[in-house]
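Letter 3 of the first sequence, counting from 1, is numbered 15 in our numbering, and no numbers are missing.
Keep in mind that a hint or two might mislead.
[Said to hold, decoys possible] Simulated pairs of lysine-lysine, DSS-like, Cα-Cα distance not exceeding 30 Å: (1) Lys277 - Lys290; (2) Lys268 - Lys394; (3) Lys445 - Lys375; (4) Lys422 - Lys439; (5) Lys365 - Lys394; (6) Lys394 - Lys361.
[Stated by the list, open to error] Pair by pair, the computed Cβ-Cβ distance ranges are: (7) Glu100 - Ile234: 58 to 66 Å; (8) Ser692 - Lys278: 57 to 65 Å; (9) Glu392 - Ile234: 37 to 45 Å; (10) Asp114 - Leu172: 19 to 27 Å; (11) Glu584 - Lys635: 49 to 57 Å; (12) Gln656 - Lys40: 52 to 60 Å; (13) Glu480 - Lys278: 17 to 25 Å; (14) Asn248 - Pro458: 40 to 48 Å; (15) Ile228 - Pro458: 50 to 58 Å; (16) Asp114 - Ser358: 48 to 56 Å.
The set of hints was computed from the structure by calculation and includes no laboratory data.
Glycine included, each C-beta is placed from N, C-alpha and C at the ideal position.
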Amino acid sequence: MPKYLIIAEKPEAARRISEALDSKAKPKKIGRVVPSFVVKNGDCEIIVTTALGHLYELTTTISDRTIYPVLDYKWVPKHTVERNKRLEEWLEEMGKIGSGVDYYVNACDYDIEGSLIGYNVLRFLYGVSDYRRVFRMKLSTLTNREIQEAFKRMSPGLDLGLVKAGETRHIIDFLYGINLSRALTRSVLRFLRTPYVLSVGRVQTPTLNILVEREIAIETFIPDPYWVLRAEIVINGETHEALYEVEKVQSLSEVKRLVEEASSKKAFVEKVERRFEKISVPEPFDLTTLQREAYRVFGFTPSRTLSIAETLYLNALISYPRTSSQKLPPDIGYREILEKLSENSSYTKAVEKILSRGVLNPKQGRKDDPAHPAIYPTGEWKEELNSDQLKLLDLVTKRFLATFEEDAEKVICRNILRIGNVRFIMKGSMITKKGWLEVYSPYYSPEEKTIPLLKEGDILTVKKIIVEEKFTNPPRRYNPASLLREMEKLGIGTKATRSEIIETLYKRRYIIGKSISVTELGFSIVSTLRRFSPKILSAEMTRMVESDMEKIESGLIEEEKVVDAAKRELIEILREVGNREVDVGKHLSNSIITILRNRNVIGKCPVCGKGDLKIIVSRKTGKRFGICTNVFRNRCMLTIPLPQNPNKVYATDKTCSSCGWPIVKVVTRKRPWYLCVNPSCPGKTNPPKKSA
DNA sequence: GCAAGGTC
13 MPKYLIIAEK PEAARRISEA LDSKAKPKKI GRVVPSFVVK NGDCEIIVTT
63 ALGHLYELTT TISDRTIYPV LDYKWVPKHT VERNKRLEEW LEEMGKIGSG
113 VDYYVNACDY DIEGSLIGYN VLRFLYGVSD YRRVFRMKLS TLTNREIQEA
163 FKRMSPGLDL GLVKAGETRH IIDFLYGINL SRALTRSVLR FLRTPYVLSV
213 GRVQTPTLNI LVEREIAIET FIPDPYWVLR AEIVINGETH EALYEVEKVQ
263 SLSEVKRLVE EASSKKAFVE KVERRFEKIS VPEPFDLTTL QREAYRVFGF
313 TPSRTLSIAE TLYLNALISY PRTSSQKLPP DIGYREILEK LSENSSYTKA
363 VEKILSRGVL NPKQGRKDDP AHPAIYPTGE WKEELNSDQL KLLDLVTKRF
413 LATFEEDAEK VICRNILRIG NVRFIMKGSM ITKKGWLEVY SPYYSPEEKT
463 IPLLKEGDIL TVKKIIVEEK FTNPPRRYNP ASLLREMEKL GIGTKATRSE
513 IIETLYKRRY IIGKSISVTE LGFSIVSTLR RFSPKILSAE MTRMVESDME
563 KIESGLIEEE KVVDAAKREL IEILREVGNR EVDVGKHLSN SIITILRNRN
613 VIGKCPVCGK GDLKIIVSRK TGKRFGICTN VFRNRCMLTI PLPQNPNKVY
663 ATDKTCSSCG WPIVKVVTRK RPWYLCVNPS CPGKTNPPKK SA
């Protein structure tokens, strides 16, 4: 009886695979830390075990983080790098579970990383060198039927092309990231009392550069004036507005001419137009779309959305969230999910309506993912969900229901008026068919505007013509959600890592604020790299790595060649930076000193308006309080009490909605809360308790 | 206390 070991990428996959392959759908669970299963399937015995994402990672023997170049690297168990007891036990038990089998099956996600995760387990944990004992199973939706088919049709050997491509990607990112980070970090050492960690990477640095370019576009923006013309029209005793047919008038002389030509007191209704427009059913959620929508609807940051979605997934309430697919294949079992959802009274009516139409044909989006379908609810329900989880689950559920619905429709009405020689337009719109908007409520409701019903040939009274001067606006700053979208557009980062990378930029203090601004340090990092390694600033590096990976995958170029070329280039860059170390260090450390100085600034002083309100700790008493920097110059008097240790107080970019004073974040042993620093704030319904 | 990529 041949014995197989199937290796999944994650516990959920191992569970699904073992249930699908067991003839009685009751696999026997083994393993204390690693969810693993013994499966009976015909005349073979199968053990299903699982990795936990990457179990191995690259490291270097040069552990001092101020020494470079680092050109040596090797794969080591992940737990040896970050001292993770759980991963250590995981690897140990996984090794035992897989000993003594005849065949190994890599059933990790069918993509580059999945191929590499399985490969590393095979070579490092099980010491497999004979690829005749190895198979690759190709899975995407993890439904019973698909898993059974994939097991029958698994291919012999491994997808070594994908593996090598993946390994090269890891090496290139590692070498560039570690070396450039160390070079910059080292340069500032001699100028600072305590070390400050700087980082550079193939994804984070181009992302920072996007923000710098936007910042420059905003700073150099010159507003242009333009004029808007409106006519106030009296209809049945009520005043209504019509806009000049050209939205923006570019010159003042043109405005004067128009006003003269429109000097008549009568408006003729020249035409009444009615046009119907479809509002299409939205695509199913992939992770990025979900993150964007949750930001729009709830104000959740992308990383918060991912972490909530993760919890929902681990509670089996939604499908796998780290997907870039917008497709809902029939395999997931539409009807069963819908029927389960209908048990929840909030969705009963919507489901009944969908089922009553007979055919279940959800909208499919454009984007795809080799390893997962779009995000959908499983139909399960749990009592103990917090409000964030409830919100996100409701959003995912309603989006899923919406994809089975019909397009909505609106009518756009335009009353075209002529005043003298000039045409003005009164525009309104109304939803005429709710379609999917009904189940997706309250998450999307297009604006509606009613206008009076007129007939062609009607004559109306003009009350007056209003001219308003306006100015063009600079480009908007990015927020975490729009930045995420831009990264996706440029193809940098992956669905699972983009939000983390944005967090890294905040953590390093390269950027600040919800409406993102680049700090002086962020600018300095970019200008330094522009001098020494412009390639890492652009998305071009990602494209090059990708094209090299494709060549490696199809055997057009060898892994070693790509790595050697990268090393040579890197050595050159590092030599240049090394030669200019003092120069570079001075530039960067100046920005760091500014950041450290501003770190305790909680906002502008609300009393004198000139100084900064700062958190300081008294040398004498050890007490924490807030003080305006102008107090030291005898130009202000403001000092304010703040919570004391063991609580911590951090600056935020928020201000109080009732008094406009700065708001600080207070981190207690229990949970963080936000405090307006104004001791006599009128909005304070619950004054904070005095801490001991 | 360094990257980006998996996953809890």
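Quiz item: Between Lys277 and Lys290, is the straight-line Cα distance small enough, at 30 Å or below?
Solution: The hint is violated at about 38 Å.
Exercise. Go ahead and decide if the range 50 to 58 Å is satisfied by the Cβ distance of Ile228 to Pro458.
Key: Given range 50 to 58 Å: violated, Cβ gap about 35 Å.
Quiz item: Does the alpha-carbon distance linking Lys394 and Lys361 stay inside the 30 Å limit?
Solution: holds, 21 Å
Exercise. For the pair we were handed, Lys365 and Lys394, check the Cα-Cα distance against 30 Å.
Key: holds, 25 Å
Self-check item: Pair hint Lys445 and Lys375, alpha-carbon separation not exceeding 30 Å
Solution: holds, 18 Å
Practice problem: Verify the proposed pairing of Lys268 with Lys394, using a straight-line Cα cut of 30 Å. | Solution: Cα-Cα ~66 Å, so violated.
Self-check item: Supplied distance hint 40 to 48 Å, evaluated on CB atoms of Asn248 and Pro458
Solution: Violated, since Asn248 and Pro458 (Cβ atoms, about 27 Å apart) do not stay within the stated range.
Practice problem: Given the hint of 58 to 66 Å, check if Glu100 and Ile234 actually sit that far apart at their C-beta atoms. | Solution: Cβ of Glu100 to Cβ of Ile234: about 60 Å, so the range 58 to 66 Å holds.
Practice problem: Take a look at whether the Cβ-Cβ distance between Glu392 and Ile234 falls inside 37 to 45 Å. | Solution: violated, 56 Å
Quiz item: Given a hinted range of 57 to 65 Å, is it respected by the beta-carbon distance of Ser692 and Lys278?
Solution: holds, 59 Å
Quiz item: Regarding Glu480 and Lys278, is the given constraint of 17 to 25 Å on their beta-carbon distance met?
Solution: holds, 23 Å
Quiz item: Would you say the C-beta atoms of Glu584 and Lys635 sit inside 49 to 57 Å of each other?
Solution: holds, 54 Å
The earlier numbered hints that this structure contradicts are 1, 2, 9, 14, 15.
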